[in-house]
Amino acid sequence: MNGIDVLGPQISVLVAAGVVLVVDALFPGQRRLLPFLALAGLLTAALWTTSWVGRGDYQTVFDGTIVLDRYAVFFQYVFAGVTATVILASIDWVNREGRRQSEYYALVLTVCAGLMLLAGARDLITIFIALELSSIPQYILAGWGKDAKSSEAGLKYLLLGAVASSLLLYGMALLYGVTGTTILPDIAAAIEANGESYRALLIVAMTLLIAGFGFKMAVVPFQMWVPDVYQGAPTPVAAFLSVGSKAAAFAVAIRVFFEALGADFLSSDWSMIFAVIAAVSMTLGNLMAIVQSDIKRMLGYSSIAQAGNFLVGLAAISVAGEEFTLGASGILLFVAAYAFTNLGAFVAVIAISQRINSDRIADYAGMWKTSPFLALGLAFCLVSLTGIPPTVGFWAKLYIFNAAVRADLVWLVIVGVLNSVVSAYYYLGVVRVMFLGEPGTEQRFRASPSIAVALTATAAGVLVFGIVPAPLMSAARDAVEIFAR
Amino acid sequence: MTPGIEHFLTVGALLFCLGLAISLSKRNAIGVLMGVELMLNAVNLTLITFSRFAVSPNPIAGHTFVVFILTVAAAEAAVALALAVAVYRNRETIDVDRLNLLRS
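Quick mapping for you: the protein sequence lines, in order, are chains V and F.
Note that UniProt numbering has the first sequence beginning at 1, numbered continuously upward.
Note that UniProt numbering has the second sequence beginning at 1, numbered continuously upward.
One or more of the hints may lead you astray.
Computed footprint of chain V on chain F; a stretch qualifies when at least three of its residues, placed anywhere within it, have a C-beta under 8 Å from a C-beta of chain V [as the list claims (entries may be wrong)]: (1) 32-40; (2) 43-50; (3) 65-75.
A short, non-exhaustive set of chain F residues, derived as facing chain V with CB atoms under 10 Å [to be verified]: (4) Leu18; (5) Leu20; (6) Ser23; (7) Leu24; (8) Ala29; (9) Ala54; (10) Pro59; (11) Val79; (12) Leu83; (13) Val87; (14) Arg89; (15) Asn90; (16) Arg91; (17) Ile94; (18) Val96; (19) Asn100.
Rather than coming from a laboratory, the hints here were simulated on the basis of the structure.
Cβ atoms here follow ideal geometry from the backbone N, Cα and C, with glycine treated the same way.
Could you build the full structure based on these sequences and the hints that come with them?
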């Protein structure tokens, strides 16, 4: 019974997916209800998660393969919120597309269940299953559109994703071979006992794991799918990929590297690898983003650069004691900040591109005059992505760079700050086009209610946590306490 | 001479490298998928070898892992073929070099 209780949120999300399918099959006239049924499932999951916080009873179930701790709770809130925003932002697009509506929502909910399972997975097999449970529906969703571009994006995403998960699996197989177990804390204990003698093998396994997770995080050199898939996939799906699967990859990577591979002789190696990947991702992502003329491609490259910022937190672990987890808490803060900010930007892009039927940045000219609400929301989110106060993006960058300075990674901070300056050029370039450009048409338009709700909620999150970041910071710090040593 | 753990692991590693080479060099999407399948089966062989030969407190975990990998690989292949059909309907090719609609 305990296990069922711990998996409650995932089960309620999956039940909602089933209900959506059945309701659509039985009452085809009631399509308008579907997104609200999906949202109800997510709300149930969030309430279930909240009930544990009230009970404060954190535990491991199913022979230690699934754990319920503050870390899992933190990410379950993030994933429920991200999925709810994506569903709100999809309503218009799905209605316009017209076909197979219930399947779309059911797949989105399945991805969410996989992501939530990943947050609490503490065993290599469970991690693999959860990762695939969230990935396979994402491949389908990326190919959901009717046009050739969308199916091309889906196929590319799947092929590269399958190669990446094979690399990940080989890494897991080697890790199992060295340690004889798949449970993360047991792996750590086995490495502590006699890991030094297998150091070379462990480093090979670690590199393969980094390749597998790096694909999902979308960091260089595993980033080649990102711009293509973001451009080709339906925009709500691209929004989901950019936040959901990236956050999940970092969630599981932090758990694996801190809980299983945290031994001193390994952590010095992986923190160095992550530092190099972080610097390269930031630089390459930003430089490529500058030259893009398609806003979805630009957001794709910018998400690569942002993933580089996240990785600074995984690189910054060389301090011992209390501050060992400072970098990890920085990633959690950054994940939450990025979820609000990037989703807000994507919601505005979804609404605008449906209206003007174009993703070209040049066509955003004069958006301030034709749709002030969307232009202001998008501009505000882009400012937060740059990292300018008073937005939550500023605090996330400050926090994570502070962690890097404490860990003596001053060079990485310099690279990061220089990159923020570069990123300001293209983020604020879009703002300039929207506010100073001349609109092609004088016809004003308004956002639909669901888009308005989604954009207001995300922008409010960016602003509120930009002014009072303390609650978010302490939540992030509490969540990673379990990794302290 | 009976084959030992090192022989099985070597075969596994070779198969994995072959699969990786195939999936990175093939231009036909189905060819890439075949490379992936080879990699997954190399992983399965490695897992089985470790749970058979290595001193492990939990040998059954390796077997379990293999069963899950087989299942997931089947699901993934189904989706991959569906997407390949969708692409073929639109473009009349599944040659990954010619899938170049997406660019800046």
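Was the hint right that F:Ser23 lines chain V, CB cutoff 10 Å? At about 5 Å, which falls below the 10 Å cut-off, the nearest Cβ of chain V leaves the hint on F:Ser23 intact, so it holds.
Closer than 10 Å between Cβ atoms is the bar; does F:Leu18 clear it against chain V? Give me holds or violated. Violated, because the Cβ-Cβ distance from F:Leu18 to chain V comes to roughly 12 Å (cut-off 10 Å).
Interface hint outcome for F:Ala29 [beta carbon to chain V under 10 Å]: holds (6 Å)
Taking the closest Cβ pair, is F:Ala54 under 10 Å from chain V? holds (6 Å)
Taking the least C-beta to C-beta distance, is F:Leu24 closer than 10 Å to chain V? holds (8 Å)
So, as I understand it, the hint says F:Arg89 touches chain V; can you test that by seeing if any CB pair is closer than 10 Å? holds (8 Å)
Does the closest beta carbon of chain V sit nearer than 10 Å to the beta carbon of F:Val79? With Cβ-Cβ at 6 Å, under 10 Å, it holds.
Let me know if the C-beta of F:Asn100 comes in closer than 10 Å to any C-beta of chain V, holds or violated. Hint on F:Asn100: holds, closest Cβ of chain V at ~8 Å, below 10 Å.
Does the nearest C-beta of chain V fall within a distance shorter than 10 Å of the C-beta of F:Asn90? Because about 4 Å separates F:Asn90 from the closest Cβ in chain V, which is inside the 10 Å limit, the hint holds.
Just to be careful: measuring from the Cβ of F:Val87 to every Cβ in chain V, is the smallest value less than 10 Å? Because about 5 Å separates F:Val87 from the closest Cβ in chain V, which is inside the 10 Å limit, the hint holds.
Can we keep the F:Ile94 interface hint, with Cβ of chain V closer than 10 Å? Nearest chain V Cβ about 8 Å off; hint holds.
Are three or more residues of the stretch 43-50 of chain F within 8 Å, CB to CB, of chain V? holds (count 5)
In summary, the structure is inconsistent with hint 4 from the numbered list given earlier, while agreeing with all the others.
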